[in-house]
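Chain residues, written in single-letter form:
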Amino acid sequence: MREMTYLEAIRTALWEEMERDSNVFVLGEDIARLGGAFGVTAGFRDRFGDDRVVDTPIAETAIVGAAVGAAALGKRPVAEMQFIDFISCGFDQVVNVAATFRYRSGGQVSMPIVVRGPSGGYVGGSLYHSQQFEAWFYHVPGLKIALPATAEDAYGLMKAAVRDNNPVLFYEHKFLYRRIKGNIPSPETDFIVPLGEASIPRKGDDLTIVTYGAMVHFALDAAKALEQENISVEVIDLRTIKPLDMKTVLESVRKTNRVMVLHEAPKTGGVGGDIAARIAEEAFMDLDAPIARVAARDSFVPFAEPLEKYVLPSVDEIIETARRLHKF
Amino acid sequence: MREMTYLEAIRTALWEEMERDSNVFVLGEDIARLGGAFGVTAGFRDRFGDDRVVDTPIAETAIVGAAVGAAALGKRPVAEMQFIDFISCGFDQVVNVAATFRYRSGGQVSMPIVVRGPSGGYVGGSLYHSQQFEAWFYHVPGLKIALPATAEDAYGLMKAAVRDNNPVLFYEHKFLYRRIKGNIPSPETDFIVPLGEASIPRKGDDLTIVTYGAMVHFALDAAKALEQENISVEVIDLRTIKPLDMKTVLESVRKTNRVMVLHEAPKTGGVGGDIAARIAEEAFMDLDAPIARVAARDSFVPFAEPLEKYVLPSVDEIIETARRLHKF
Amino acid sequence: MSAKLKNRAETEEDQQAAPSYRDQLTKDDLLEMYRRMWLARLFDETLYDLKKKGRLRRGNVYGSRGQEAILVGTTYPLRAHDFVSPIHRDMPAFHFKGMPLEQVMAQVWGKATAPTRGKDSWSHMGDISLGLIHSTSMLGSTVPVACGAAWALKLDGKGDSVVLTYNGEGATATGAFHEGANFAGVHKLPLILVIENNQYAYSTPLELNVPTGRVADRAIGYGMPGIVVDGNDVLAVYDETYHAFERARRGDGPTLIECVTYRVQGHADHDETRARQYRPVEEIEEWEAKDPLPRFRNYLLGTGNFSEAELPEPPPEVVRQIHDAVEIAINSPDPEPATAMEDIYDESAGVSR
Amino acid sequence: MSAKLKNRAETEEDQQAAPSYRDQLTKDDLLEMYRRMWLARLFDETLYDLKKKGRLRRGNVYGSRGQEAILVGTTYPLRAHDFVSPIHRDMPAFHFKGMPLEQVMAQVWGKATAPTRGKDSWSHMGDISLGLIHSTSMLGSTVPVACGAAWALKLDGKGDSVVLTYNGEGATATGAFHEGANFAGVHKLPLILVIENNQYAYSTPLELNVPTGRVADRAIGYGMPGIVVDGNDVLAVYDETYHAFERARRGDGPTLIECVTYRVQGHADHDETRARQYRPVEEIEEWEAKDPLPRFRNYLLGTGNFSEAELPEPPPEVVRQIHDAVEIAINSPDPEPATAMEDIYDESAGVSR
Ligand SMILES: Cc1ncc(C[n+]2csc(CCOP(=O)(O)OP(=O)(O)O)c2C)c(N)n1
Ligand SMILES: Cc1ncc(C[n+]2csc(CCOP(=O)(O)OP(=O)(O)O)c2C)c(N)n1
Ligand SMILES: [Mg+2]
Ligand SMILES: [Mg+2]
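Chains as they are written, first to last, in the working numbering: chain F, 1 to 328; chain R, 1 to 328; chain E, 1 to 353; chain H, 1 to 353.
A portion of the hints provided could be inaccurate.
[As the list claims (entries may be wrong)] Mimicking DMTMM-like on lysine to aspartate or glutamate, the simulated pairs with C-alpha atoms at most 25 Å apart in a straight line are:
1) E:K52 to R:E305
2) E:K154 to H:E207
3) R:K255 to F:D288
4) R:K255 to F:D286
5) H:K154 to R:D51
6) E:K188 to F:D51
7) H:K154 to R:D50
[Unchecked claim] Computed from the model, here is a short list of chain H residues facing chain E with C-beta under 10 Å:
8) G98
9) A173
10) T174
11) G175
12) N182
13) F183
14) A184
15) G185
16) H187
17) L208
18) N209
19) G213
20) V215
21) A219
22) Y222
23) M224
[Stated by the list, open to error] From chain F, some residues computed to sit far from chain E (all C-beta separations above 12 Å):
24) N23
25) N183
26) S186
27) E229
28) N257
29) K267
30) A283
31) M285
32) S314
33) R324
Keep in mind the hints are simulated off the structure, nothing from the lab. By construction, the Cβ of each residue, glycine as well, lies at the ideal position given by its N, Cα and C atoms.
Let the sequences and hints guide you as you build the complete structure.
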């Protein structure tokens with residue numbers, strides 16, 4: 001076991017995968033000479049050299065596209081978006097080139113790429129350094145999406161993502177990078193966290209909160225507070241939203257009969273609507289209350305602190321919604 | 001009244017808006033010399049000249065961006081995507097530049113642009129000429145989205161879109177372009193269809209189908225067939241999904257107590273999940289059956305006819321789902 | 001720092017020093033090239049004809065008539081371990097890079113036997129085992145992908161392999177083209193950017209996509225040689241492509257080759273009428289007179305090494321070849337409906353743990 | 001068809017014919033430019049200092065130290081009816097184009113009095129009434145927007161107005177930059193593309209974004225003059241900008257001006273330590289010696305028209321101006337939380353029916 005931050009866990013997972021498999025390489029802006037804006041690839045260039053640690057021009061379309069082309073020829077590239085927000089500049093390559101490649105190739109070609117980068121708010125990053133528009137990609141067949149909440153999961157999911165034969169979007173949460181730590185299994189255990197398996201960081205009986213990413217911590221904080229009020233909350237951390245572990249969600253809902261879906265992205269058109277609709281379809285008779293959604297308000301993430309706080313979900317909002325659900 | 005096709009209705013609306021307001025201009029690939037791939041702007045260049053009917057390079061980012069810049073200085077540009085699929089190449093300008101502009105300007109700047117183009121399947125267009133990924137934009141604050149189902153609405157919504165002070169994505173359905181006709185009011189009536197008001201093309205009592213775009217016709221066909229079985233179906237044509245006319249939807253659901261949400265886009269992450277979640281939130285106690293969603297399978301739109309048919313929603317599927325809902 | 005680059009063709013010394021690779025072509029080579037030019041021509045004519053007769057079911061035909069010298073001249077230097085990414089106007093190139101003609105045809109008819117198994121249409125196909133990299137509809141988007149392929153070759157130490165992409169002159173206006181070309185220039189990748197400058201992008205004349213009217217001017221900013229070649233002269237195209245291959249193999253990086261030609265037909269089969277309205281008919285006629293097929297034939301006859309009989313118009317075996325491929329394609333099975341849901345994901349385990 | 005374009009600075013006749021606009025600057029002009037150079041310098045120093053002291057609350061400081069000659073030289077020729085789109089390293093340019101300094105500062109502190117009312121940070125602001133066009137974070141994305149602004153001016157017959165954008169050399173690798181620059185070239189728009197080539201994009205050296213090491217080489221493909229100018233010489237920058245303005249006003253279309261300079265600090269305030277690791281410290285020192293402020297001062301003294309006393313370092317009124325603006329900003333109200341939901345849509349009726 002090794003104690004590391006969320007960021008170190010990602011760095012270590014990538015490092016170990018590059019050690020293990022010479023087909024794995026990383027590319028992106030400032031990832032070699034600088035080691036990445038946040039230092040995720042610090043030291044990589046010295047160890048793995050310029051061919052496997054590639055500083056690219058400022059060109060997200062070329063970065064994702066180059067990852068695709070290399071993957072088509074058998075490589076396993078990991079592309080960094082300096083901030084995940086900039087994926088909008090490489091959008092076509094993600095949704096129309098990477099996601100569809102295997103399909104268009106009649107099954108001949110695998111597309112083992114990872115597109116990773118810091119996402120999310122709560123750090124004053126403003127409109128273009130706070131985004132979590134994972135819902136765009138949730139809608140696109142052919143993609144997988146991981147959003148780890150803990151250092152262990154960040155490590156294990158990254159390893160699974162690198163080894164997966166499909167394009168994986170890997171949303172790291174910059175608020176968590178240095179704020180949380182975890183105990184990472186030693187490399188010999190070859191620990192991974194499979195894509196598509198939710199975890200249940202807290203068991204409970206009265207209501208279920210289904211969430212992912214940084215919101216897992218908010219949910220746990222809320223659950224702790226609600227314990228005082230004798231409301232027993234089960235928290236499900238989806239870990240990946242695509243594939244989506246509906247089995248774990250439905251089992252929990254069948255037990256608690258009350259559910260809240262929680263995410264950091266704006267509510268309208270967010271992944272929460274789809275998950276809520278699925279729960280309603282598959283467990284309609286098990287629901288004792290309408291499914292609640294807690295999410296960001298339908299706005300952008302603004303700069304000034306009072307504004308950012310107003311837009312993004314808060315622990316208080318989760319607690320209030322849980323109370324309302326519980327009373328229903 | 002003037003009888004015209006869906007396509008002619010769009011063309012006429014644009015023409016009349018350009019006659020009415022010299023701030024309106026159109027830009028896009030092949031729209032001037034050719035009059036557009038489908039002829040939506042045929043004849044415009046001769047009437048309005050090269051400054052207001054602009055043939056651009058193949059550059060969707062520049063097309064949307066130029067529309068944004070012109071709108072910031074008081075113009076009302078209408079940008080064509082030759083196929084709406086190519087909006088993925090101008091994605092950043094739509095979601096990060098156009099949608100946010102007013103917000104970032106502290107309310108100083110309006111962003112009256114329309115981004116329009118042919119969308120949708122059922123014509124053998126394959127992966128890149130059949131898309132309807134409106135859900136991407138549904139999730140982004142600041143945008144509006146219109147998807148007319150009839151010639152009248154295409155005309156009236158286009159006029160409203162051009163006159164609206166916000167960025168409007170205008171999804172024309174290429175399957176409808178020349179297949180349907182309507183009676184268009186004369187220009188003197190100054191007829192428009194306001195953005196955000198659903199219509200009810202068919203009244204019914206037993207269940208509600210909430211839909212938009214080409215699927216409205218599928219829903220109406222299904223409703224007709226279901227009439228034989230004494231199932232009375234109400235069809236709601238949302239016309240715009242952003243703004244979303246929940247009032248009309250909820251009124252209907254409170255009457256029929258059974259609802260199906262139907263769209264052409266893939267089910268997972270589609271707009272239907274969000275609408276279903278909202279209905280469940282706001283009319284939970286009125287529902288006698290789980291909300292059903294009918295949508296494309298979670299795949300791309302394939303080329304070969306048997307494949308395309310398999311993926312896209314069909315009237316049969318709507319009928320079967322309605323029967324199931326009715327029996328529940 | 002910045003070596004001022006000139007267009008190679010304009011550099012006199014260079015032109016003198018450059019070996020003329022065409023002189024090394026054997027008679028068999030030349031006959032094969034002649035045959036291929038006809039294959040491309042007949043491919044085009046056959047599909048246009050069948051489309052008109054309603055036998056194509058779905059999809060448009062993007063013709064390459066008049067551009068055959070580019071398709072043949074750029075693919076002839078290719079070896080099995082090189083990679084190519086054809087786009088909409090390059091359908092015959094799939095065959096020239098090794099894809100059986102009946103497979104190309106099966107793709108046109110959306111058959112289960114096509115490389116995409118009916119999933120996608122027209123040129124959005126490939127076969128990595130043959131060195132054919134799949135493109136999408138989105139113009140310019142193959143260039144970044146080609147960069148990645150070149151990078152993979154580099155990682156594998158396959159310094160002898162080269163990646164070649166096609167783009168129309170119009171596609172060079174896209175951001176994707178720029179990002180890819182610039183990436184290739186920065187990293188000196190073994191990439192050849194063949195630009196088929198056929199004067200029009202759909203209805204849009206050259207100057208509305210390429211401000212200077214010369215695509216090769218873009219190469220300067222990418223730090224690569226920008227060659228302009230007569231795109232209707234198959235041996236000139238061959239020569240320049242060969243030079244670019246040699247350059248790439250030497251590790252000297254990418255080359256942009258602007259092949260100047262003309263799209264004598266409409267943008268696609270549905271555009272025949274309008275294509276004679278949005279541009280001067282005289283212009284079309286002028287270029288029809290420059291047809292690369294008779295031109296090549298006359299050249300070959302002029303060398304004195306070929307008899308008229310050796311250069312039939314068209315070569316009957318090519319007619320048969322096309323005919324057979326169409327027959328096979330038409331008689332091949334359609335894909336099963338449920339296969340529409342296959343190959344969205346690779347369900348295999350990925351790499352072992 | 002294709003007029004071969006040379007870099008203007010390299011065309012001898014042109015150089016001789018070109019009037020030297022700097023000679024027309026009055027003593028007051030020169031003093032004002034000197035004052036502005038100091039304003040930019042002190043803006044930078046003040047915010048760096050306050051950030052270090054923890055008084056900035058949130059956001060990074062992207063410094064313009066060493067690049068003041070570009071900011072002053074490019075904005076000085078501007079009139080009220082011209083438009084400018086500054087990006088991250090150009091904060092003082094907002095003020096030079098008319099935005100009150102306390103408003104610029106209010107933006108830094110995310111105050112209700114800022115042009116974005118606290119919605120967005122740093123340079124993502126503007127004021128259309130002052131001719132300042134808002135940018136986003138996404139590098140290169142202002143260029144297409146600037147094209148649209150230029151088009152609006154054209155539609156309104158405002159042929160005398162010009163649009164100027166800034167980009168780092170790194171941003172010229174983006175697809176957005178290319179699509180916009182090409183659009184401007186195709187339509188001969190009155191656009192000036194100022195490229196601040198400060199040798200680095202964050203940690204990435206020039207050659208990894210610009211293959212030839214010369215951004216001006218890109219201009220050739222866009223059919224516009226590509227000028228290279230010493231970016232640390234305010235009067236040279238002024239002159240070239242003025243030429244570009246004249247060209248745009250004459251209807252001769254866009255110009256790319258590559259201002260060669262150096263980012264003497266880190267990419268942002270948080271990058272000071274690493275910025276001395278990913279590049280040679282000698283290189284930094286070499287460029288610090290080329291500081292545009294003493295250089296301009298020495299030039300002015302050398303003309304014999306200025307006394308030492310007329311050129312204080314820094315001018316005290318500028319110190320006061322910055323100080324006051326900071327005070328005003330810090331003491332301005334924060335936005336009300338609920339205003340976070342305002343101005344997502346324009347709720348007004350739009351144009352009348
Ligand atoms: C990004 C993108 N935008 C628009 C289109 C629609 N489109 C298809 S072909 C074409 C013209 C292409 O012209 P060019 O690149 O010169 O190639 P050509 O057809 O002349 O061979 C256009 C605009 C597209 N496929 N991709
Ligand atoms: C599209 C995009 N990709 C990445 C970034 C992250 N980023 C911010 S500044 C910067 C470096 C910019 O370099 P340059 O354009 O040379 O300007 P400079 O900072 O040197 O003035 C990068 C990569 C961004 N803002 N936008
Ligand atoms: Mg062309
Ligand atoms: Mg720079």
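Now for the hints, and whether the structure bears them out:
1. As the CA atoms of K52 (chain E) and E305 (chain R) are separated by approximately 19 Å, the hinted pair is consistent with the 25 Å bound.
2. Between K154 (chain E) and E207 (chain H) the CA atoms are separated by roughly 20 Å; this keeps the pair inside 25 Å, and the hint holds.
3. At roughly 22 Å between alpha-carbon atoms, K255 (chain R) and D288 (chain F) fall within 25 Å of each other, so this suggested pair holds.
4. With a CA separation close to 24 Å, the supplied pair K255 (chain R) and D286 (chain F) stays within the 25 Å bound.
5. At most 25 Å may separate the alpha-carbon atoms for a hinted pair to count; K154 (chain H) and D51 (chain R) meet this at roughly 8 Å.
6. For the hint linking K188 (chain E) to D51 (chain F), the alpha-carbon distance of about 13 Å falls within 25 Å, and the restraint holds.
7. Restraint check for K154 (chain H) and D50 (chain R): satisfied, since their Cα atoms lie roughly 11 Å apart, inside the 25 Å limit.
8. Given the 10 Å rule on beta carbons, the hint for G98 (chain H) is violated: about 32 Å separates it from the nearest Cβ of chain E.
9. Below 10 Å, beta-carbon pairs count as interface contacts, and A173 (chain H) has one with chain E at about 5 Å; its hint therefore holds.
10. For T174 (chain H), the interface hint holds, the least distance from its beta-carbon to any beta-carbon of chain E being 7 Å, beneath 10 Å.
11. Of the supplied interface hints, the one on G175 (chain H) holds, with its beta-carbon coming within about 2 Å of a beta-carbon of chain E, less than 10 Å.
12. For the restraint placing N182 (chain H) at the interface with chain E, the shortest Cβ-Cβ distance is roughly 5 Å, inside the 10 Å limit, so the hint holds.
13. Interface hint status for F183 (chain H): upheld, as the beta-carbon distance to the closest one in chain E is roughly 8 Å, under 10 Å.
14. At a threshold of 10 Å, the smallest CB-CB gap from A184 (chain H) to chain E is about 9 Å, leaving the interface hint in force.
15. For G185 (chain H), the interface hint holds, since its Cβ comes within 10 Å of a Cβ in chain E; the closest pair sits about 3 Å apart.
16. A cut of 10 Å between beta carbons decides the hint on H187 (chain H): the least distance to chain E is about 8 Å, and the hint holds.
17. For L208 (chain H), the shortest C-beta to C-beta distance to chain E is roughly 5 Å, which falls under 10 Å, so the interface hint holds.
18. Look at N209 (chain H): its Cβ gets to within about 7 Å of chain E, closer than 10 Å, so that hint holds up.
19. Nearest Cβ of chain E to the Cβ of G213 (chain H): about 4 Å, under the 10 Å cut. The hint holds.
20. Because the beta carbon of V215 (chain H) sits about 8 Å from the nearest beta carbon in chain E, less than 10 Å, this interface hint is met.
21. A hinted interface residue such as A219 (chain H) counts as satisfied when its beta carbon comes closer than 10 Å to some beta carbon of chain E; here the least separation is about 8 Å, so the hint holds.
22. The beta carbon of Y222 (chain H) is positioned within 10 Å of a beta carbon in chain E (closest approach about 6 Å), and the interface hint is therefore held.
23. With 10 Å as the threshold, the beta carbon of M224 (chain H) comes within range of chain E, its nearest partner Cβ sitting at about 7 Å, so the hint holds.
24. At roughly 8 Å from the closest C-beta of chain E, the C-beta of N23 (chain F) falls inside 12 Å, breaking its exclusion from the interface.
25. With a closest Cβ-Cβ approach of about 20 Å to chain E, N183 (chain F) is found to remain outside the 12 Å limit, as its non-interface label requires.
26. With 12 Å as the threshold on Cβ separation, the claim that S186 (chain F) sits away from chain E holds: the shortest Cβ distance comes to roughly 15 Å.
27. Separation of E229 (chain F) from chain E is adequate, the least Cβ-Cβ distance of about 43 Å exceeding the 12 Å criterion.
28. A cut-off of 12 Å between C-beta atoms confirms that N257 (chain F) is not in contact with chain E; the least separation is 33 Å.
29. Residue-level check passed: K267 (chain F) sits 28 Å from the nearest beta carbon of chain E, beyond 12 Å.
30. Separation of A283 (chain F) from chain E is adequate, the least Cβ-Cβ distance of about 25 Å exceeding the 12 Å criterion.
31. At roughly 29 Å, the least C-beta separation between M285 (chain F) and chain E is larger than 12 Å, which holds for a residue marked as non-interface.
32. Every beta carbon of chain E lies more than 12 Å from that of S314 (chain F), the smallest distance being close to 36 Å; the non-interface claim holds.
33. Taking the minimum C-beta to C-beta distance to chain E, about 39 Å, the non-interface status of R324 (chain F) holds against the 12 Å cut.
Checked against the numbered hints listed earlier, the structure breaks hints 8 and 24; every other hint is satisfied.
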